[in-house]
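S.K.: Top line first, the protein sequences correspond to chains A and B. Note that the working numbering gives residue 147 to position 138 of the first sequence, counting from 1, and the numbers run on in steps of one. Note that the working numbering gives residue 331 to position 269 of the second sequence, counting from 1, and the numbers run on in steps of one.
The set of hints was computed from the structure by calculation and includes no laboratory data. Be a bit skeptical, because a hint or two may be false.
What the hints assert, rightly or not - Pairs of lysine-lysine, DSS-like flavour, derived with a Cα cap of 30 Å:
1) Lys88/A x Lys70/A
2) Lys284/A x Lys270/A
3) Lys160/A x Lys91/A
4) Lys93/A x Lys45/A
5) Lys124/A x Lys56/A
6) Lys221/A x Lys208/A
7) Lys258/A x Lys88/A
8) Lys232/B x Lys175/A
9) Lys334/B x Lys258/A
10) Lys175/A x Lys157/A
11) Lys221/A x Lys174/B
12) Lys174/B x Lys157/A
In this text the structure is predicted, and so the values were computed from the model without any measurement.
Here is what each chain is made of, one letter per residue.
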Amino acid sequence: MDKLQSTRPGRRAVLRAGAGLVTLLAAPAVARGQAKELVVGGAAGHKPWVEATVAPLFEKKYGAKIIFEGTRSLVNLEKMQKNKGKQYMSVVQMDDPVMILAVKEGLLEPLTAAKASNLPDLLPGSTHMDGMWANYLQPWLGVAYNSKVMKTPPTSWADIFDAKYKGRIIIPSLQNTEGLPNLFAAGMLAGVSVADAQKDTDAGFKKLATLKPNLLTIYTQQPQAFNLLEQGEAYMIAPAMSSYALERKAAGAPIDLAAPKEGVFAMPSGIAVIKDSPNQELAFAYVNEMLGVELQSKLAGPTFSLATNKVVPRPAGLSTDVRIHQIDWANVAAKRTEWVTRWDREMAR
Amino acid sequence: MSTLRRFDPVLLLAVPAVAYLALIYGAPLLMLLGRSVLSDGTPSLAPFIGFFGDAFNWAVIGNTLRIALLVTLVCLVIGYPTALALTRARGAVQILILIAIILPLSVGVVVKAFAWQIVLRRDGVVSQFMIGTGLWDEPQRLLFTEAGLVIGAANVFVPFMILPIYSVLKLIDPRLGEAAATLGASPVRRFFTVALPLSLPGIVTGIAFVFSMAASMYVIPSLLIGDRFQTLATLTGRSFLFMRNEQLGSTTAVVLLVLTVAIVMLSATLSKRLGGGT
């Protein structure tokens with residue numbers, strides 16, 4: 010007993026030493042904060058345009074340095090979870106489905122018009138879950154096609170169902186985020202409104218099952234699918250992301266992306282301020298800049314994406330009368346497992 | 063002869079390997095087995111009953127076994143003669159065959175899968191050859207079919223069939239064949255009564271290698287046939303990664319493990335019955 014008690018001060022000492030060590034390790038972060046540095050976490054693919062376009066503008070305007078850490082959305086989530094209470098990143102740029110998980114973990118600080126004045130200028134549907142995050146850009150999903158073998162571009166989501174394209178169509182797996190809108194597009198073709206097609210996918214599943222004779226494959230690896238499209242083995246990929254398809258086109262691949270008359274779908278690129286992170290004021294300023302006209306005008310073109318600020322015009326290749334459907338990602342997160350299970354049973358073989 | 067042997071200190075040399083395997087392979091396997099029979103924290107066979115009660119899962123098991131058996135068969139049919147040729151070959155020819163078998167092992171599966179896409183596509187060499195020989199009237203689709211998957215997978219796994227058979231064949235005393243010849247056995251008879259039975263251990267090892275790898279392959283089907291064809295391995299990956307259903311993932315993984323071990327043991331038993339096993 011005595012022995013047990015005698016160990017207690019020892020433990021406290023260890024705790025004190027530990028706390029001291031944490032303070033010591035945290036000190037440089039504080040020092041960094043005083044030097045006005047802002048750590049932004051995003052996708053590895055964002056690095057070129059953040060460093061070339063965003064950082065110079067921001068650093069000039071606010072006299073603060075941007076440190077960009079590029080990785081994958083789920084890795085950013087992991088970093089935020091592990092650093093809860095001692096965050097070093099202040100802003101995070103991630104896909105919407107991962108943002109939902111971050112909200113559930115209580116990792117985000119809500120955006121308000123008082124803190125980010127550009128927020129009210131965004132298109133409807135660009136902010137989510139009571140302002141927990143906003144979309145700064147949206148790559149759009151249309152029908153990619155091989156422009157060598159298809160002289161007339163596709164005009165409708167229904168084109169991929171045409172019997173003359175037997176064995177020539179590729180669609181993404183439901184595992185891929187860009188694969189989900191197939192269910193909604195198929196639902197629309199079956200006569201359901203896009204909002205209802207997202208809630209009740211039954212009509213979509215039934216319509217999609219009729220696509221099977223036309224399928225060359227269902228991909229999980231996007232580069233593989235585009236390789237087949239560029240070789241002419243596949244004629245169309247539906248849906249395909251503007252940020253990938255148009256980049257390949259710009260690189261000289263014989264492909265193009267069509268915006269079907271029923272409308273295109275917007276893919277989510279979200280931005281949020283991390284809860285209890287350093288330099289909150291600067292963090293909100295960064296988010297505000299990303300939602301503003303100046304940066305979005307500069308970024309929409311090179312990233313082949315739609316701006317979310319009302320004032321910024323649509324990018325080249327997408328006419329002004331094309332409808333843009335927004336996806337209810339919270340609903341997707343809740344239903345995805347159920348959909349994948351049904352997909353396996355109905356689309357396999 | 064006593065069945066008890068004296069302890070050989072040399073066996074201690076195996077300790078690091080055994081400890082390593084126990085730690086990185088055995089422990090996670092036990093955890094996986096444990097998780098597959100736990101339902102909400104209590105031991106239960108419910109996950110397995112649920113799994114086998116679903117007709118879709120039987121189709122997945124059927125896919126897995128059919129593809130693995132076909133791949134193994136193709137590897138055996140191609141691999142045995144190659145191993146035999148390698149045993150008989152001498153000098154530069156032998157080196158050439160060995161390089162042809164071993165060098166492709168250094169090429170990644172993903173690269174091979176992309177290459178097969180070019181070979182198997184509608185205007186690819188296979189299609190052109192078939193039309194050129196008059197066997198096909200028009201280009202046919204091979205890409206993303208079961209035939210395409212079997213061809214691609216056999217290409218990846220065939221060295222694992224050739225090498226064990228070769229290592230057994232080269233140990234067979236050539237005088238045995240000569241002795242049979244002096245007794246009047248024809249070359250065909252010599253092969254079926256001497257070489258083939260003696261090489262059965264190599265065949266069984268090759269079958270065990272190729273079958274277990276083909277049954278559990280993950281990347282090859284996803285690249286060569288796509289999402290429309292589910293095997294136990296792809297279903298396991300999908301359960302863990304996308305459906306966030308660890309229970310289902312553990313169950314499918316255990317079913318795959320049991321099936322693979324059972325088939326491998328069955329083939330070993332059969333080869334002993336046939337008289338070749340040692």
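S.K.: Against this structure, judge whether each hint is valid.
M.R.: Hints versus structure:
no.: 1; hint: Lys88/A x Lys70/A; result: holds, 28 Å
no.: 2; hint: Lys284/A x Lys270/A; result: violated, 41 Å
no.: 3; hint: Lys160/A x Lys91/A; result: violated, 53 Å
no.: 4; hint: Lys93/A x Lys45/A; result: holds, 21 Å
no.: 5; hint: Lys124/A x Lys56/A; result: holds, 25 Å
no.: 6; hint: Lys221/A x Lys208/A; result: holds, 23 Å
no.: 7; hint: Lys258/A x Lys88/A; result: violated, 35 Å
no.: 8; hint: Lys232/B x Lys175/A; result: violated, 51 Å
no.: 9; hint: Lys334/B x Lys258/A; result: violated, 61 Å
no.: 10; hint: Lys175/A x Lys157/A; result: holds, 18 Å
no.: 11; hint: Lys221/A x Lys174/B; result: holds, 27 Å
no.: 12; hint: Lys174/B x Lys157/A; result: holds, 27 Å
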